[in-house]
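*Asks:* For the record, the sequence lines run as chains A and B. If you read the first sequence in this note's numbering, its first letter stands for residue 1, the second for the next number, and so on. If you read the second sequence in this note's numbering, its first letter stands for residue 1, the second for the next number, and so on.
These aren't lab readings, by the way, just hints derived from the structure by calculation. Just so you know, not all the hints are guaranteed correct.
Identical chains blur together in the list; that is why a pair holds if it fits in one copy or across any two.
What the hints assert, rightly or not - Distance condition first, Cα-Cα at most 16 Å in a straight line; then the derived EDC-like pairs of lysine to aspartate or glutamate: (1) LYS261 / ASP97; (2) LYS261 / GLU96; (3) LYS71 / ASP11; (4) LYS103 / GLU129; (5) LYS71 / ASP54.
2 protein chains.
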Amino acid sequence: MSDHSTVSTVDTVACVGAGVIGGGWVAHFLARGFRVRAWDPAPDAAAKLTRLVDAAWPALTELGLADGASKDNLTVTPTLAEAVEGAGFVQESAPEDLALKQKLLTDIDAVTPAGVVIASSTSGYGMSEMQISATTPERLAVGHPFNPPYLIPLVEVVGGTLTAPWAVEWAADFYRHVGKTVITMDREVPGFIANRLQEALWREALHMVANGEATVEQIDTAITDGPGLRWPAQGPCLTFHLAGGEGGMAHMLDHFGPSLKSPWTRLDAPELTPELRDAMVEGCLDEADGRSIADLVAERDRAIIAVQRAVRESRDG
Amino acid sequence: MSDHSTVSTVDTVACVGAGVIGGGWVAHFLARGFRVRAWDPAPDAAAKLTRLVDAAWPALTELGLADGASKDNLTVTPTLAEAVEGAGFVQESAPEDLALKQKLLTDIDAVTPAGVVIASSTSGYGMSEMQISATTPERLAVGHPFNPPYLIPLVEVVGGTLTAPWAVEWAADFYRHVGKTVITMDREVPGFIANRLQEALWREALHMVANGEATVEQIDTAITDGPGLRWPAQGPCLTFHLAGGEGGMAHMLDHFGPSLKSPWTRLDAPELTPELRDAMVEGCLDEADGRSIADLVAERDRAIIAVQRAVRESRDG
Chain A
1 MSDHSTVSTV DTVACVGAGV IGGGWVAHFL ARGFRVRAWD PAPDAAAKLT
51 RLVDAAWPAL TELGLADGAS KDNLTVTPTL AEAVEGAGFV QESAPEDLAL
101 KQKLLTDIDA VTPAGVVIAS STSGYGMSEM QISATTPERL AVGHPFNPPY
151 LIPLVEVVGG TLTAPWAVEW AADFYRHVGK TVITMDREVP GFIANRLQEA
201 LWREALHMVA NGEATVEQID TAITDGPGLR WPAQGPCLTF HLAGGEGGMA
251 HMLDHFGPSL KSPWTRLDAP ELTPELRDAM VEGCLDEADG RSIADLVAER
301 DRAIIAVQRA VRESRDG
Chain B
1 MSDHSTVSTV DTVACVGAGV IGGGWVAHFL ARGFRVRAWD PAPDAAAKLT
51 RLVDAAWPAL TELGLADGAS KDNLTVTPTL AEAVEGAGFV QESAPEDLAL
101 KQKLLTDIDA VTPAGVVIAS STSGYGMSEM QISATTPERL AVGHPFNPPY
151 LIPLVEVVGG TLTAPWAVEW AADFYRHVGK TVITMDREVP GFIANRLQEA
201 LWREALHMVA NGEATVEQID TAITDGPGLR WPAQGPCLTF HLAGGEGGMA
251 HMLDHFGPSL KSPWTRLDAP ELTPELRDAM VEGCLDEADG RSIADLVAER
301 DRAIIAVQRA VRESRDG
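Please model the complete structure; the sequences and the hints are all you need to start from.
*Replies:* See the structure below:
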């Protein structure tokens with residue numbers, strides 16, 4: 001263990017990067033009542049961040065600001081070293097460029113006080129690739145958010161080979177402390193979890209457009225008016241648990257298992273071994289946590305109706 | 001053109017199949033005020049359908065029933081021939097088994113009055129494969145719904161090589177008439193559109209579980225608390241249009257295009273040719289229909305907040 005503080009004592013966060021994600025993080029931390037110190041090499045960084053925070057603020061106000069939260073708590077600093085001064089946590093959100101991230105994380109590490117965790121918003125690089133030249137790589141972890149970071153709860157946390165377990169744990173705790181849903185991964189997988197799922201769907205969509213099988217609008221409608229209405233309430237596994245009727249995931253895999261051999265996507269499926277089948281079935285039962293299929297159907301139905309109404313009203317509003 | 005009726009004169013629908021999808025269609029048509037005649041070879045078909053309709057009815061009542069809608073308008077018939085008597089439309093929802101569907105559609109076709117469109121709920125077979133032994137295959141089309149058919153608006157409509165264009169058009173009109181969102185495809189693609197997208201995501205999920213990279217619960221959380229919150233309001237293309245900041249899809253493809261070469265999923269991406277890039281960019285601009293990135297960001301933010309609230313309240317409720 002190092003001399004890192006407990007998550008609740010952090011009052012200042014440093015954000016590096018003034019793009020959509022960096023600005024989104026700034027807005028999130030400001031709304032949660034933190035002082036935020038931000039830096040980006042772009043000459044118009046302050047104007048960009050102000051614009052991004054202004055755009056996010058109505059939504060954040062609607063959600064409810066923490067005590068003392070204010071846009072005035074943002075300081076855009078002229079140097080990286082000044083940004084990390086007094087910060088209890090650093091979030092890096094630079095462009096997706098490996099060499100750039102390696103150098104930037106090394107620079108951040110060099111000026112950030114010992115024991116302070118530095119997290120990268122990278123969408124897909126492993127920390128093992130990025131931390132190679134840092135002096136104290138043990139406090140570097142991935143904290144991958146989703147756009148916009150001030151509204152989407154998910155953050156995926158994973159360390160690199162040189163990351164200390166305490167840093168991964170600390171980052172996960174801190175994100176939970178600031179209202180995030182955290183998935184902690186025990187190994188580095190390119191794209192982590194959510195982006196792999198999203199990327200598979202996205203690549204299939206690109207193939208369909210490239211082949212003239214569907215238009216951009218048909219793809220979006222297929223999701224917004226189709227499976228997309230189920231996913232905010234029940235993920236893909238629980239969704240298919242219900243597609244099996246009273247038999248749940250077990251029946252679904254036995255009935256639709258053969259479709260895994262069908263050319264329904266350009267992605268080949270894994271072999272549906274007894275082990276995989278059981279893992280899917282047991283995972284769904286764990287997640288259902290005692291709720292019967294009928295309970296889950298009723299929950300799903302209420303959620304779909306509420307989601308459709310919410311989207312409609314948010315459009316009219 | 002045949003002697004088929006206009007969609008608004010239909011007052012009776014025949015539903016074949018008493019599984020989750022068949023029962024869901026029965027509930028949908030009953031709620032929209034139709035008389036429904038249903039048949040399934042299972043001896044307990046009537047009990048199964050009653051159970052499914054009862055489970056769906058609270059949601060349908062909450063959504064608002066059509067004038068004259070009643071669960072009493074369901075007649076479960078002892079034979080297929082009696083089910084299609086007087087029906088202005090037939091929806092087939094048998095198990096996914098090609099030989100079974102071929103035979104069943106041939107049987108339905110043989111007893112259904114001329115000019116009445118017969119649609120199959122198949123999740124992935126092409127009508128060309130299924131209609132081969134029908135006497136009047138020109139009125140057979142695919143009308144693929146999503147579970148539950150009484151709540152998810154999407155229906156994908158596509159004909160087979162022997163389907164007449166009027167039948168595809170009639171089915172699309174009829175589904176729109178009963179409140180559905182229709183995507184009409186001009187060619188048969190295995191899995192249609194939404195299932196291809198969903199299946200790519202699902203297969204990636206199975207690979208991750210099979211390899212111990214993620215648990216069932218992590219996969220579901222990654223979607224429900226991540227990209228799934230965006231998809232009911234903005235599909236995957238429009239979502240990435242916003243991920244590019246002010247530069248939209250064009251900037252996004254130029255910035256994240258290289259990630260298509262990354263091993264972020266087991267699915268290889270297509271070549272990002274200038275033609276594909278332009279198709280994606282133009283498709284997004286068409287779909288945005290004059291709304292600026294700032295407009296779309298504001299819409300997305302309102303929608304995400306409303307969706308999260310809706311899901312939370314529907315769980316507490």
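*Asks:* Each of the hints needs a verdict: does it hold here or not?
*Replies:* Hint check results:
Taking the closest pair of Cα atoms, LYS261 and ASP97 come within 16 Å of each other only across two copies (14 Å); inside a single copy the shortest separation is 37 Å, beyond that limit. For the homomeric pair LYS261 and GLU96, the shortest alpha-carbon distance between copies (13 Å) is at most 16 Å, but the shortest distance inside one copy (35 Å) is not. Proximity of LYS71 to ASP11 under the C-alpha cut-off of 16 Å is restricted to the intra-copy arrangement: shortest distance 15 Å within a copy versus 59 Å between copies. In this assembly of identical chains, LYS103 and GLU129 lie within 16 Å of each other by CA distance solely inside one copy; the values are 11 Å within and 57 Å between copies.
For a Cα distance limit of 16 Å, the shortest separation of LYS71 from ASP54 inside one copy, 8 Å, qualifies, whereas the shortest one across copies, 52 Å, does not.
Consistency with the previously given hints is maintained throughout, with no hint failing.
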